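Using the hints, position chain B against chain A.
There are 2 protein chains.
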Amino acid sequence: MLNLQSKSPKRWLEQVDAALEEILVDHAHCEHKAAATAMSLMGSYIDHTELCREMTRIVDEELEHFHMVLDLLRQRGIPFRRQPPGRYGRRLRGLVRPHEPQRAIDRLLVAGLIEARSCERFSLLADHVQDRELAEFYRSLFESEARHHTTYVRLACQFGDESAVRQRLRDLAVAEAEIIAEGHPLPRMHS
Amino acid sequence: MLNLQSKSPKRWLEQVDAALEEILVDHAHCEHKAAATAMSLMGSYIDHTELCREMTRIVDEELEHFHMVLDLLRQRGIPFRRQPPGRYGRRLRGLVRPHEPQRAIDRLLVAGLIEARSCERFSLLADHVQDRELAEFYRSLFESEARHHTTYVRLACQFGDESAVRQRLRDLAVAEAEIIAEGHPLPRMHS
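Taken in order, these protein sequences are the chains called A and B. Each residue of the first sequence is one higher than the last, beginning at 1 in the numbering used here. Each residue of the second sequence is one higher than the last, beginning at 1 in the numbering used here.
Calculated directly from the structure, the hints in this document are not laboratory data. For clarity, every value in this text was computed on a predicted model and none was experimentally measured. Any given hint could be a false lead.
Unchecked claim - Facing chain A, from chain B, some residues (calculated, C-beta under 8 Å):
1. Ala35
2. Met42
3. Gly43
4. Thr56
5. Val59
6. Arg82
7. Glu133
8. Phe137
9. Ala181
As the list claims (entries may be wrong) - A few chain A residues that don't get close to chain B, going by computed Cβ distances all over 12 Å:
10. Ala19
11. His29
12. Val59
13. Asp60
14. Arg87
15. Arg97
16. His99
17. Ala126
18. Phe137
19. Arg168
20. Ala173
Every residue gets a Cβ at the ideal spot worked out from N, C-alpha and C, and that includes glycine.
Isolated chain A, as found in the complex:
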C-alpha cells in the first residue's frame, strides 16, 4: 500500500531509544515541512483545481499535527528548538527532474514517499515505545499519512501516463530505500 522498497532497519529504533527527545523535536519540524511542501506544490500548479483542493487539506492537517506535536513537547517539558536537518529530504529533492511535466510528477512522488516513510515509522514507534500516550499518538497519525501518500500518487498520475508514473514511483522508492539504508548519524524521523 505504501509503495516503499524497504523496511526501516533496527538501527533506527536504537537511535530512537538513545535520543527520543531529539526525534520528537524533529517530528514537529517534519510536520511543518510537510505543510510547506503542500503549499509550495499548490503555488506551482495553482490552476489544477483538484491538486489545490487536496493540498489545502494536507496543509490544514499537517499544521494541526505540528501543533499537536508542540503540545506534546510542552507537556513533557521538552523545548522546541531548531536542529540541523538530516540529509533525507535534500537527497530526495535532488532526484527531481528539472523539466515539466516530469518535475511535477517527481515532486508529487517524492512528497508521497516521504509520507509513506513517516507512516511506516509512526507504526514502528507505536509498537516500540513504552510510553502509552506516545504510542497512541503515533497510531492516531498513521491513517492520515497513509492517505496523504495515496493522494500524492494519484495526483502524480494526472501529470503523465499512469504506467510510466508508477514505474517512476518504483525507481524513486528504490533510491529512497538506499538513502534510508545508508542512515544518518543525527537522530531524526528519517535518519
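Only chain B this time, still in chain A's reference frame:
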C-alpha cells in the same frame, strides 16, 4: 485602525469597472499568496510559538478564502488562470531590510500593510459593485483582513522596541502609499 497613509485613488475603481473579471482572478491569487506568506514566516521563525499559532490561523483562513473566490469564479463561468503579477508585492518586499531582527519586523509589517490595503479595497468594492452577491462577499472578508493586519503589527512589535516598530510601520506605510499612487496598468487587486 489600518495604519494606511492614503486612500485608494478613483482611478482604481475605473480599473475595476473596466476589468472586474481580471481583478477577481487576481483576488484568488492574492489569497493564495497571503497563505504562502504566512507559511513562509512560520518557517523562518518556527521557534516563536505565538507567531506559529497566528500564522496557522492565517494560513487556514486565507486558503478558505482562496477556495471561496474559486467557487465564485466557477459560478460566474470565469476561468481561473495564471496572470502576470502586478508590481505591488515585489516593490514592497524590496523594502525589507536584510538583517535580523529588522528583517522579521519588516516582513511582518509589509504583510500587515498588504492586509490593510486589501481590507480598504474590499470595503471600496463592497460599496461600489452593483452585483449584490459580490458586494456581500467583499463585506464578509473585511473583518478577517483587518484582524490579520492587527495580528501582523502586534507580532512585529515583539521583535523590537515598540515605538521604533511603530515608526517603521509609518515609514513603510508612506512608501506603500507612494506605490499605490503610482498605480499599475494591469488591473489587479493592488494596482
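We went through each hint and held it up to the structure:
1. A distance limit of 8 Å between C-beta atoms decides the matter here; for Ala35 (chain B) the minimum to chain A is near 7 Å, and the interface restraint holds.
2. Hint status for Met42 (chain B): holds, given a least beta-carbon distance of 7 Å to chain A, under 8 Å.
3. Here the hint on Gly43 (chain B) is kept, as its CB sits about 6 Å from the closest CB of chain A, short of 8 Å.
4. Proximity of Thr56 (chain B) to chain A holds as hinted, the smallest CB-CB distance being about 5 Å (cut-off 8 Å).
5. Against a cut-off of 8 Å between C-beta atoms, the interface hint on Val59 (chain B) holds, since the closest Cβ of chain A lies about 6 Å away.
6. With a cut of 8 Å, the hint placing Arg82 (chain B) at the interface with chain A holds, because the nearest CB-to-CB distance is about 6 Å.
7. The interface hint given for Glu133 (chain B) is broken, as the beta carbon of that residue sits about 21 Å from the closest beta carbon of chain A, more than 8 Å.
8. A least Cβ separation of about 19 Å between Phe137 (chain B) and chain A goes past the 8 Å threshold, and the interface hint is therefore violated.
9. With its C-beta approaching chain A no nearer than about 29 Å, Ala181 (chain B) sits outside the 8 Å limit, and its interface hint is violated.
10. A cut-off of 12 Å between C-beta atoms confirms that Ala19 (chain A) is not in contact with chain B; the least separation is 19 Å.
11. Look at His29 (chain A): its CB is around 7 Å from the nearest CB on chain B, not clear of 12 Å, so calling it non-interface is violated.
12. Not every CB of chain B lies more than 12 Å from the CB of Val59 (chain A), the least distance being 6 Å, so the non-interface label is violated.
13. A beta-carbon of chain B comes within 12 Å of the beta-carbon of Asp60 (chain A); the shortest separation is about 6 Å.
14. Distance check for Arg87 (chain A) against chain B: the nearest CB is about 19 Å away, which clears 12 Å, and the non-interface claim stands.
15. Once the 12 Å rule is applied to beta carbons, Arg97 (chain A) is consistent with being away from chain B; the minimum gap is 22 Å.
16. No Cβ of chain B approaches the Cβ of His99 (chain A) within 12 Å, the least distance being about 18 Å, so the stated non-interface status holds.
17. Residue placement check: Ala126 (chain A) keeps its beta carbon more than 12 Å from all beta carbons of chain B (closest about 26 Å).
18. Every C-beta of chain B lies more than 12 Å from that of Phe137 (chain A), the closest at about 19 Å, which supports listing it as non-interface.
19. Under the 12 Å C-beta cut-off, the non-interface status given to Arg168 (chain A) relative to chain B holds; the minimum distance is some 26 Å.
20. Non-interface call for Ala173 (chain A) relative to chain B: holds, since the shortest CB-CB distance, roughly 27 Å, exceeds 12 Å.
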